[in-house]
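K.L.:
Chains as they are written, first to last, in our numbering: chain A, 2 to 298; chain B, 4 to 360; chain C, 2 to 326.
Hint data in this document are derived by calculation from the structure and do not stem from the laboratory. We put the beta carbon where it would ideally sit given N, CA and C, even for glycine. None of the hints are false.
Each computed DSS-like pair below joins lysine-lysine, with the alpha-carbon atoms no more than 30 Å apart:
no., chain 1, residue 1, chain 2, residue 2
1, C, K134, C, K211
2, B, K95, B, K199
3, B, K199, B, K47
4, B, K199, C, K272
5, B, K174, C, K287
6, C, K90, C, K126
7, B, K224, C, K272
8, B, K340, C, K272
9, B, K151, B, K174
10, C, K115, C, K90
11, C, K151, C, K134
12, C, K245, C, K272
13, B, K353, B, K340
14, B, K174, C, K24
15, C, K126, C, K211
To give an idea of the chain A side of the interface with chain C (calculated C-beta under 8 Å), a few residues:
no., residue
16, P188
17, F189
18, E191
19, A192
20, R194
21, G197
22, M198
23, H207
24, P210
25, N211
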Amino acid sequence: MAVIDHQAELSRAGANVHGWFGGLLFFARRYPLGAIGAIIMILFLATAIFAGSIARFDPFTTNARISLAPPGGEHILGADFMGRDVFARIVYGARISLAVSVGATALGCLIGVAIGLMSGFFGGWFDLLVQRVLDIMQSLPLLVMALVMAASLGPSLPNTIIAIAIPLVPTVARIIRSNTLSLREMPFVEAARAVGMSETRIAFIHVLPNTLAPLIVLATAQLGSAILVESALAFLGLGVPEPHPSWGRMLSESAAEYVRTAPWLVIFPGIAISAVVFGTNLFGDALRDLLDPRQRI
Amino acid sequence: MAAPQAILATGAERRPVAGAPAPEPVLEVENLQTVFYTRGGLVKAVDGVSFTLGRSETLAIVGESGCGKSVTALSLMRLVSDPGRVVGGSVKLDGRDLVGLDEAELRQIRGNDISMIFQEPMTSLNPVMTIGRQIGEALILHQHMSRKAAVARATEMLHLVGIPEPQQRVKEYPHQLSGGMRQRAMIAMALACNPKVLIADEPTSALDVTIQAQILELIAKLQRELGTAVILITHDLGVVAETAERVIVMYAGRKVEEATVGELFARPLHPYTRGLMNSIPRLALMRREAGPVVNRLAEIPGIVPALSNLPPGCTFAPRCTFADEACRAQYPAYAEKRERHWAACWHSDKLPGAAHD
Amino acid sequence: MTEAAPPPVLEVEGLSKHFPVRKGLLRRTVGHVYAVDQVSFTIGAGETLGLVGESGCGKTTVGRTIMRLIEPTAGAIRLDGHDVTRLGKSEMRPFRRQIQIIFQDPFSSLNPRKRAGDIVGEPLKVHGVLAAKARRERVAELFERVGLRKAQMDNFPHQFSGGQRQRIGVARALALNPRLIIGDEPVSALDVSIQAQVINLLMDLQRELKLSYLFISHNLAVVEHIAHRVAVMYLGRIVEYTDKTTLFTRPLHPYTEALLAAVPVPDPAIKRAKRVVQGDVPSPLKPPPGCHFHTRCPYAEARCRQEIPALREVEPGHHVACHLR
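Assemble the whole structure, with the sequences as input and the hints as a guide.
P.N.:
Shown next, in the form of structure tokens:
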């Protein structure tokens with residue numbers, strides 16, 4: 002049997018991978034799309050963090066003289082109707098998008114995990130009640146719920162985050178609950194009970210860490226979704242308010258009026274949103290394939 | 004109280020175990036090699052295994068987990084899935100090499116000339132199809148029977164495997180049957196087309212011991228009636244002793260011993276086989292009358308080595324009491340030590356004559 | 002001797018566990034599954050009681066009920082003479098140090114996200130027995146005792162083999178110095194050669210520490226090797242209860258005979274006169290009336306179909322539940 006044949010297959014399977022860098026390269030080769038997604042997400046993060054160093058202009062400074070300037074020269078992506086540098090607004094907008102996506106996803110997961118864990122672990126009437134409430138929440142479209150919340154809470158960055166987080170809760174709670182239900186019967190949980198551990202401690206120390214794995218993939222996918230929801234909210238005037246540079250609002254403000262006269266005001270925020278959502282989805286897909294225990298690896 | 008034939012008469016008698024003459028081969032396996040490509044490296048699950056199976060013969064392949072016995076069985080029918088692959092050797096069924104065939108040709112053989120039954124009857128049966136339909140599938144596919152004829156034959160098969168009220172059962176779903184019944188149904192499915200070879204992979208390991216006895220009795224009866232050759236894969240030496248005519252012992256992907264069943268139990272020539280036999284607790288009823296009461300079971304120290312990281316030389320050497328430099332340097336030759344009794348060991352002659360004196 | 006003998010480590014009397022069967026949208030109770038039905042036995046210090054039976058016989062439920070992981074429906078459980086049957090959670094807690102359990106599946110009985118040392122040390126932590134450093138030393142001692150290396154304390158379960166994981170389970174059960182360990186099929190999921198190692202370990206520990214075991218298993222040969230006394234269960238009831246030698250050489254109940262007849266002999270040279278008992282184990286949801294075993298018993302008579310046989314002591318120390326003995 003030629004040794005060469007084995008080697009090709011082995012490399013494909015991930016043998017001969019050394020160190021974390023080797024692991025990264027292997028991931029990139031096996032999931033090229035996922036690698037692209039990961040790169041986009043890293044760029045997104047870097048842009049948000051180093052916004053100050055990347056943008057030459059301040060996103061808030063208005064300059065009536067250069068209102069609606071097309072891309073070129075100093076303002077590489079042009080200027081908006083108030084003369085603010087579009088590039089700077091996109092770059093600083095990354096911060097807002099990051100805050101919204103990470104904040105909403107984290108908050109939604111936190112609440113969802115808490116509810117799902119208690120519901121699954123303690124069962125009984127609490128579980129029944131919670132499940133029906135979640136049923137009601139899930140029967141409303143995500144966008145409608147976010148709208149209602151945003152409208153009732155009023156426009157502000159924290160309120161937007163909450164409004165986007167809440168519709169995420171039922172999905173997370175269901176996943177955590179179903180994992181909890183199956184973990185509850187596992188022998189190692191019984192062993193903890195046999196020792197005399199209290200149910201609460203068992204829930205947090207034994208059950209919780211084992212329920213979180215599927216959440217990673219879900220959360221990654223939700224990052225992109227949160228940005229889209231924010232854009233939709235902004236479109237309806239309910240998103241992050243002035244003066245925060247929000248991609249969604251940039252898009253919505255310009256879409257109706259300026260799409261023909263100053264298309265760059267619509268194109269660039271649109272590209273930014275699309276790129277980030279695309280990137281998170283690609284990465285999320287690859288992550289799910291990687292972590293799926295039934296796959297080869 | 005006058006009892007009908009007792010379930011268990013006291014005492015046990017010795018019977019001579021004659022080695023039957025080798026029957027004409029129906030299956031010839033030569034140098035079978037199956038590997039798995041894993042993150043940890045190359046795993047040689049089956050490393051050059053050869054054997055022949057005679058018509059109507061029962062051959063047992065025995066070993067513990069990870070020895071490669073199940074993979075061997077799956078390899079015979081090329082059912083090994085990614086990341087595993089059959090990479091070498093030949094499997095000749097009545098002279099025809101199966102390794103070279105393409106999928107379409109192999110599909111005609113599976114279920115028809117070679118059949119397989121598995122350990123877990125619940126997961127091996129489709130929960131949303133009736134028993135009759137599942138048995139009938141093979142009949143319709145390979146023997147081109149009509150739906151009606153297939154159901155009739157399926158009912159016959161259920162009767163043959165001892166399921167009461169077969170006309171009723173043939174319309175039922177797997178969950179309506181008990182574990183023992185499901186296993187019988189699976190046997191019916193496997194034997195529907197009267198295959199030449201039946202591969203039974205741990206057919207009774209998941210069953211209760213009284214049901215196990217029934218199933219083993221059934222397999223033996225069917226084999227006599229239909230003349231099927233059986234490859235029985237198991238880890239249970241008791242099952243081997245009661246049902247097999249010849250035995251192959253596997254360890255870490257290779258054959259380490261092969262003999263007729265009487266020879267193997269009377270004179271194991273490989274330290275692993277001997278270690279296995281000594282480590283099983285035996286019921287008082289089964290011990291030879293003057294046998295000593297064992298206080299401590301003989302242990303085989305250590306654990307099976309990782310298949311991706313086998314030691315050089317004899318793979319059993321790290322756990323063997325007889326191992327020396329020769330063993331660690333080179334894998335022992337597989338040689339015929341006594342008549343029709345092969346072993347791969349440099350020190351077969353050092354093992355005591357009988358297994359448990 | 003004038004002083005009273007110390008109470009047995011475990012005494013179980015009339016233990017029963019019934020599960021309601023609920024059907025329909027409103028989950029009405031339509032019947033009961035008598036998973037455990039009037040089970041009684043005692044275990045003394047340093048003694049092993051083997052509890053054997055096939056699936057559905059209730060032996061696992063007995064183990065769990067004694068541990069109060071499942072609540073008994075009726076009967077009494079006494080640990081060292083103290084009645085623990087209906088104690089509340091906090092009252093039960095100190096008794097949990099006396100009785101521990103080893104599970105069947107070495108893979109799911111250990112939390113995959115905790116280190117082996119933490120798993121074994123957890124009982125100590127829960128009962129606040131030792132300070133952190135002392136705890137670590139005790140865990141190291143337990144590791145060595147069960148045949149593992151101290152250095153392996155920081156590994157995760159998936160880094161161990163099946164047999165090693167079972168040893169971790171044994172170490173965890175030993176942590177609080179219990180008087181009784183319930184082994185729920187502790188070696189059934191292990192390879193034969195590893196079974197021998199763990200069985201030897203359990204027997205060594207019993208000698209050293211005067212441990213008592215309730216050894217639940219379907220493997221008769223293993224039970225004969227390790228137990229002092231044996232109880233055979235069928236569909237929730239004990240059908241025979243006696244010392245090991247008597248049970249395995251002079252069984253009286255037809256079901257015990259059937260079990261012994263069914264066990265395959267690992268010696269082709271020995272042929273036993275035996276008969277394979279036919280029929281399936283009846284479903285616990287619809288147990289046969291009278292003696293549960295009458296549907297499969299070759300000796301069954303009319304009385305067996307109508308009347309439940311009581312567990313009677315037919316010879317000293319030998320209890321059988323059969324009308325015909």
